[in-house]
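Residue numbers (my numbering), protein chains in the order written: chain A, 955 to 1166; chain B, 955 to 1166.
Calculated from the structure, these hints are not laboratory results.
One-sided and incomplete, this derived list gives chain A residues near chain B with beta-carbon spacing under 7 Å:
#	residue
1	K1124
2	W1127
3	S1148
4	V1153
5	G1155
6	Y1156
7	K1157
8	I1158
9	L1161
Every value quoted in this text rests on a predicted model; they were computed, and no experiment measured them.
A virtual CB, placed ideally from N, CA and C, is assigned to each residue, including glycine.
There are 2 protein chains.
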Amino acid sequence: MDKNVSAAVIRRLPRYYRYLTDLLKVDIKRISSKELSERMGITASQIRQDLNCFGGFGQQGYGYNVESLYRELGKILGVDKRFNAIIIGAGNMGNALANYPNFKRRGYDLIGIFDINPELVGKEISGITIQSIDELESFIGKNKTDIAILTIPSQSISEVAEKVAALGVKGIWNFSPQDLKLSGDVVVENVHLSDGLMVLGYKIGELEQQNR
Amino acid sequence: MDKNVSAAVIRRLPRYYRYLTDLLKVDIKRISSKELSERMGITASQIRQDLNCFGGFGQQGYGYNVESLYRELGKILGVDKRFNAIIIGAGNMGNALANYPNFKRRGYDLIGIFDINPELVGKEISGITIQSIDELESFIGKNKTDIAILTIPSQSISEVAEKVAALGVKGIWNFSPQDLKLSGDVVVENVHLSDGLMVLGYKIGELEQQNR
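Using the sequences provided together with the hints, build the complete structure.
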């Protein structure tokens, strides 16, 4: 696999994967890059380039075998692995994520929820008892933890992120508006919810121009 | 403005915008596409191409004026406008979004929250009283509503989306895992939280390969 696959390509892979899931549901067995292009709004040449980064699964004149492309992309995205995840921050966002139905489907098992607030400790979310953040170190020592989902305020984000990284967590999914940059053997995915709002603002502006 | 700006370019604009915000905070007044490239991990030619779609704000040999680029991108993204937004679905995700500090900063004013559950009606989130979904039509009739943020389960998403579209809402921000496609004068931004998890899974796989 090419190690220098661009971030933009990687970001498109989940879209391909979701789209292939939908095709499989309606029993479509193969698809050309041209059809994929029309359905997804990405140019056919872009699609071929994207999928070529990973060895290319298409065949000239036949197109892509939906199921095998789905399986290959799933492997690349790690959906075939199981990752153990914990949530730190049992507020509204932590609650929402703990109950999000797609995580299990994407290969993630939620094994723990932590909060600093003693009033929340002992309560249950989605069948998991909230623990004190003081228990974090001993918990990770006993339970293989791949991912920490951080749903805590910006001011504590760096400290908590460095702590979980030092404890050996491999990936951090950061929901605070503050970007995280960590060195060493941990990868970070920063979520920027308000980017979606800005894209929406752009699209509304475009729509208004068209209707003028 | 070119009307056929690709979705990929549009999706990168909020990143440029956030990045420029950070530069302004540390009082950096101009930046070359090369520097932007190194800091953002996007090639310099990609950056020039992206920004050219909007008339291009750079000058050969000088680079970009950070403040004017920031202002121009803000206009394109509609950050300089005020949008009135309502949240439908006062569960955890609705609560989390109602309290998200960045929305006001991005030009959005939350003016109403609705839910179907009578036990939630009358309670307050972020200073706004939750109303029954039955009040939606009369509320939108009396209050200019630009955006509906839908934080409701997949099974009711189409029905509610069509309803708000018929009531004249211009944009829908859909947090259900079910993609929305609506025709007519309404734009949709589908949020796919679990795409971020898949990207994280990919990055962890890449890290493990490097360390092998």
